[in-house]
Every structure is written in structure tokens, then in C-alpha cells.
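Following the hints, put chain B in place on chain A, whose structure we already have.
Chains as they are written, first to last, in the working numbering: chain A, 1 to 505; chain B, 506 to 868.
Keep in mind that the hints were calculated from the coordinates and are not lab data. Certain hints may be false.
Straight-line distance between alpha carbons at most 35 angstroms, and here's what the computed DSBU-like set of lysine-lysine pairs gives [claimed, not checked]: (1) Lys710(B) - Lys20(A); (2) Lys81(A) - Lys710(B); (3) Lys73(A) - Lys331(A); (4) Lys710(B) - Lys115(A).
Calculated Cβ distances over 10 angstroms to all of chain B for the following chain A residues [stated by the list, open to error]: (5) Asp23; (6) Val55; (7) Glu100; (8) Glu137; (9) Ile233; (10) Asp307; (11) Gly312; (12) Gln332; (13) Arg428; (14) Ser448.
Simulated restraints, written as ranges between beta carbons of each label pair [unchecked claim]: (15) Gly614(B) - Gly67(A): 46 to 54 angstroms; (16) Phe820(B) - His417(A): 54 to 62 angstroms; (17) Leu540(B) - Asp174(A): 37 to 45 angstroms; (18) Ser226(A) - Met840(B): 50 to 58 angstroms.
Since the structure is predicted, the reported quantities are computational estimates derived from the model, not experimental observations. The C-beta atom is built at its ideal place from N, Cα and C for all residues, glycine as well.
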Amino acid sequence: MLSETILEMKDICKSFPGVKALDGVGFKLRKGEIHALMGENGAGKSTLIKVITGVYEKDAGLITLQGEPIHFKAPEEAQNKGIGTVYQEIMLCPNLTVAENMFIGRSHNPVVNWKQMNEKAAKLLDSLGIPASPTQELSSCSLAVQQMIAIARAVDMDCKILILDEPTSSLDEDEVHKLFVLMRELKERGVGIIFITHFLEQVYEISDMITVLRNGKLVGEYETASLSQFELISKMLGNELEDISKLKKYEPIVSDSITPVFEARGLSSAAGVRPFNFTIQKGEVNGFAGLLGSGRSESARAIFAADKVTGGEVSMKGKRVKIKTPLHAIKQGIGYLPEDRKDDGIIADLSVRDNIILTLQVLKGFFKPFSLKQAQVFAEEYIKKLNIKTPTPNTPIKSLSGGNQQKVILARWLLTHPEYLILDEPTRGIDVGTKVEIQKLVINLAASGMSLTFISSEIDEMLRTCSRLIVMKDREIVAELKGTELTENDVMNVIAQGGKTRCVN
Amino acid sequence: MASVSVIKPKARLSNSNILFLIAAVIFVLMYIFALISYPASFMQFQTFFDLFNLNAPLIIMTLGLCIVMIGGGIDISIGSVCGLITMACAVFLESKSGSIGGAILIALGIGIAFGILQGYLIAYLEIQPFIITLSGLFLAQGLLTTLHKDPINVTMPAFVALRDFDIVINWLGTKNRLGIFIPCEIKPGAIIVVILLVILASLMKWSRFGRNVYAVGGNSHSAMMLGINVKRTIFITYVISGLTAGIAGFVYIMTTGAGNVGNAAGAEMKAIASAIIGGTLLNGGVGNLLGAPIGTLTLLIINELIRAAGVQSNFQAMVSGLLLYFFIVLQSIIMSLRDRRKFSVSLPPWLRLSDKAQKSSQT
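In isolation and in its complexed conformation, chain A is listed as follows (with noise of 0.2 angstroms):
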């Protein structure tokens, strides 16, 4: 089982300023292994990746590759060396060939050769069965197909060793399945694979060994068939570990008879949802649920009114209100966490402080703004509630991990007690650890009295925390689910026959 080492680090240190990424970590790879790194986000693992591959200099330490030294200063380096990297946000060029971008800065020469290139492009995406033509544009191809292409020209570089940094966060289920299906060929070639997904049966349906990282420093490497599924996320959480399950699920006391908070009838927007009607009540949590494109987004951006709103009409506390801009809807006291946290969520460059008020700033108007030391007072006490691990709240929120980005921009709508809050898949992305908090918080904050509706891919964590699932299917409401008894698979059931009766349990 244990082969030739191929690739070996030691005592690998990689300092940020104010935070120490990486703090003597230790990680080896052998020839035909699938090798997960897996923790949460933040433990360093995108850091470890970037190490090997150049894109940062470490600090202090020793990489061997075959047995000897390395020390990469550019991604190409690492990439003539025989390591080739796929990264979860697609590294290519949308406005040149697909062709091109298989073959871009991997060639020496100094003329291009169309002709050759097309054809060799044509066969690899041909073997690797890649829908797409050669001389496509690669705007003009879909994520997956991209994510594929990515992969096609590592695997065209004849790479020793292949880093797969989350590469199946955009692909569907049969897409992953194709992905396993070259990995395991590869493998057989004697390819060594780093993977890194935040999936854990795709950990074992795949991965060999494991190793783990927490907060920078090495947990330890396991033989995956060794290793259970709770032991991995116990080590992965450290003492921090809550067993999930045992999250008690929140009962709201919610009678018909009120007025509800927000009530939408024939609701339709020009991202394409159909005309719908929808009613929260006081402290309940309700959840879209439903496939990628089913419109679960969709239907809570046009309750923001993100997308133009098209038609229907709006009321809060039953008094009629006019929603036509995401202002008016933040003035109604309604919240919306995005789905593209880094587009429509974060400002990069400014401070996890600035991020924090932004809003409330917004709300109060530009013309009064905030003095810094109140400013401070806010951004420190939700740092403080939410356990946002940030250096100071001065910090960029760009260099925070993924999990931290998101409670900032959940601490920017708490600050504004709104009485409505929509939350776009707030977990996707995210370590185990911060998505067990944010579930808690969610019922923490129905339980004050605020209205949530939760939307999420995974089924279970919104059957946890929503007292009523409404079911979306093409853009449609086709059922709507309540009671306590409710499983995974009834959900699934009703998604999967998306039948327009009402099952009520």
C-alpha cells in the first residue's frame, strides 16, 4: 500500500500579518495515492497548496520533491516541475479558446500552431468525454465544463502530482462521478493526488489516506478505511466538536391568526420565478428547498427585490408596502444574506470593521456617519457574539477565511435588527464547525422573535432548523411541508415527483 514518496514537507511555516497560517506542518504524498487535506476552513490547508505550487514562499521548512529540494517562486516553476493545479475558482481565460487554455503557458515555443493545437484538444476532450469544442470560447462554455477543462490540461501536463482544491463544489453529482472515474485512472498511472473537498463521502468514496490540518498546525495523517466518518470531523473540530444531531430543533409557537410579518402574493421577478405567494409569521423559520435552479434563490431575491420585481404586491404587519429596490426592502427592516458571498456580500478591501456597519450606515445615511470609537463599539461586540476570528476588526475582510467572511456579513444585518432575514445558503462553503453555529444562531434569533427563512442545499441542516419547508421546482412553489416527523427522504420524495398536491404531515 505504501509506496515511493514523491512529495515531502516538513516543518512548514507560512506567516500573514497578525495570523500564522501555517505553523510547522508536516504532509508526504506517494506515487498513485488519492490524499485528502481536509479541516476547517482557515486550517491552512489553501495556504499548504499554495505553498507547494509557488504561488506564496514559505517561511521556514523543507519541500522535497522525488527526493529533492524545491523551492518554487511562480506557479509556472511548480508547473514544469510536474505539478499541476486545479483550483475551485476556475484559473482560466474566459475570452480565449478552449484549446488555448489548455495549452497557455506550457509551451516554449515561441510561434502558436493552431492546427496542432486544435487536434491535440480535440482528443483529450474527446477521451475524457469534455462536451466542448476546441475552438470554443470559453465564456461560452458552462462552470462544470470549465472546472473539466481545468482538469483536462493538468492532466495533460503529464503531472507527477495533481492538486485538486475543491473541484467539485460546481459540478453535479455526475460530473463528480466522471471526475472520480479519471481520478482513479490516474492514479493507476502513478499519479499522486492531493484532494481537498469540504464532501466527506466524497473523502471515502475516493481518498486513500488522510491528513488534517487544524488552525495551522498538522492533526495527523490516517489510512482513510481507518479512520470513521465521526473520528475525521472530531479531529478536524478539535475539542470544539458538538455532535450535530444532538442540536435541539426549535418549535415556534406560531398561530394562523396574527397578521404575518411578511406576506407576498403573486410575487414574480425577472430572474423568471413564477408568480408566488408566501407568508412568514413572527419568530417562525421557514426554508426554500429545492435542486440548484429551481428558483429557491431566485424567489428570495425577488422578496429583496435584488432582481427587478416584475409583479404583485408586498405587505409588512399586513400594512401594504412598496419593495422595489433592495433599499426600500433594508428600510422595511428585511435582511438578505446573498448566495455569491464574494460578489454580493463582502468589499474586499475594506475592513472587517467598515464591512460590519456598512448598512446601518447606509440606513442612517452618508451624511452622518459614524464616529470611529462607535463604530469600534459595534464591530467589536459582534465580533465578539458571532466568535469571528479576526487579528483586529481593522483587518481587510478579504484575508479572513471563508467562514469568518460570512458571520461578518451576518453581524452587518444582526446590527440592523431587521424583523425579516433571508439567509442564502450561509452555509455552503464553510467548515463543519462555523455551520453548526450558524444553525444554532438561527434559532437563537427566531427564538427573540425574529422571522427567518433558510435556504440551503443540504436538506438536513434545513430540516433542523425550519419549522415549514416550502418546495420549489422549475421556478414554481409545488409543495409546501410542515411537522416535526419530516425526513430526508420525504423531502427528497416531493422534489423528485414535484407533484403539485399539498402533503402535510
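Frame of chain A; chain B shown alone:
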């Protein structure tokens, strides 16, 4: 290969190509319009050649600028650098040691020096290109007025001969009112335009460097991750732009034969407008060098038409400004329509059905 292209989805036209196509169609339409409205002047081949003869420096500058813009940058120093070079060449040619070879060296030297300085500051020190080249603009202007304030007419015999040199095409031309055949004349500057166009367009299409420029302009972070030396690529684009400004400066003085403080003033703005009309986007990553001369010529024909229509001079600028708005809006409308079509393909089935139903009900 044929079988592969049958199986694979049909590749759609790239953004660079569609914008180039738009530019080319607009140019042809404008020229046809000009031919119909003013056949007397536009019917002559000489008029067409004169567009190149008289505006060679602008086209050459636009070529270099297009490369910078495709790489995601901007260079607004080119006009002033070009003006500085005309004056430097004039001063040198009028001095005792003046020679044409030396003047060419001076022209290229100053251009490349500006390119290297600005390229270094922008690529390696990562300073905003707008600020750096704005400083370059001021620097070149200052050097120009320091060098010499009054116009200089170059009187060196060898240079005057070069200035007056024309390539005469004996088989092509028109008869004037007296019935005397006047053959067409092409200035050497026009030949330089064609040569540079071929070299630079090939460079962008078939060289590793050229494709790297597109990659950097498309997404510089990705380009870095793909193993492209982004800094060096950006650096070289500015050196090329400096070089073309140098060539443009020499061609300018070769055409006019005089150094003047006002030479090529504001040419950078015309070059930017030409590049945009020619289908190069300001955001970078999209553009086609063949669009550079087309953009320049379209801009010039617009100006010619306005002048021929007898519009007052202060209205001329307004009309060409409005037309620029029109072209840019047209470009973005076409681009967004294109995206909408792409979107409609990925629409859920129920919407697609209603689409079909609409179509069938219409027909």
C-alpha cells in the same frame, strides 16, 4: 478533424471577431455612404490612399495602443511622445551632424525609452497605467517645449528628398478637368503602416507573446496561475506601444517635414477612439489589430463627411462626439443581445416551449 467538428457543438464567433466584424461593416457602410454623397472626391483612388498617406502616424499609434489595451492597460502618452520625437528629429536634422539614419535612431530610441520606463513602472511596480502614462504625457510635453519652442522647417536636402518621395502608380489614377492623367501616389508612410499591420497582427495571432497578451487582458490572475509571466508580458506591451509611437513620430516628420509644438497634439485621444471603434474593448482581452486601421479610417471618414457637408467647425467636434457615442452604444447593444441569446439557450424547458409557441403563432 472533420468528424470531430461534426460531433462537437458549433463554435460561436469570439467576441474579438464579432466586434471586428461590426467595425468592418460600419467602415464599409460609411465609405459607401461617402461615395454616394460625395462621388466627386471619394470616387478617386487618391482620396482613399490619402487617408493612409496623411494619417499614417495615427494608425501606427493606434496599432501599438491596441496591443496595450488588449493587455488590459492604457497608454495616453503616445501623442505627446510622438510630438516630442518630431521636434527632436527636426532639431537633430537641422544641426550640423544631422543624418536621416541618426534621426530614425533618435525616434526609435525616445519611443522605446518611454516604453521601457512606463512599462517598468506599470508592470513591475504595479502602478495604475493611467497615472503613469499621464505623467509620461506631461513629461514629453515639457521636454518638447524645452527642446524648441518655434516651428522648425527641416531644410536638409537628403531629408527634403525623402519627404517629397512618392511611390507613383502609373496604371491607376484619374483625369483632371483638363483631361490630364494624374497617377495615384502613395507615401512611404502608408507602406510602413501596411508592413507594421502585418507584423503586429501576426504577432498577436500566431505568437506565444500575442496570445499571452490576450490571456493577461482576459484575466491576469488566471494568466499568472496558468504559468504566464504576466509582468513581463505587460512590460513588453508598453515597450511596443513606445516603439510604435517612435515610428509614428518619424513618419509624422517624414510627411510634414517640420517640427512643431502642436505636432500630434491630442493624438492619443483620437487613437483611443479609433481603437474602440475598431473593436478593442477598454476592459482588455478583446480586440483585433486589423480593427485598428479600420477604426482610424472610420473616424477620419466621419470627419471628412462632416467637413464636406459644410458643417460649422465647432459643430464638427460635437457631431463626431455624438457619432462616437452612437458606435459605442451600438457595440454594447450587439454584445448584450448576443449574451441574451446565450441565456435563452440555457432557459428551462417550459420557457423554451413558450418561445416556440410564440414563434409559431407569429408565423
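- Would you list, in rising numerical order, the hints stated earlier that this structure does not obey? Violated hints: 1, 3, 6, 7, 8, 17; rest satisfied.
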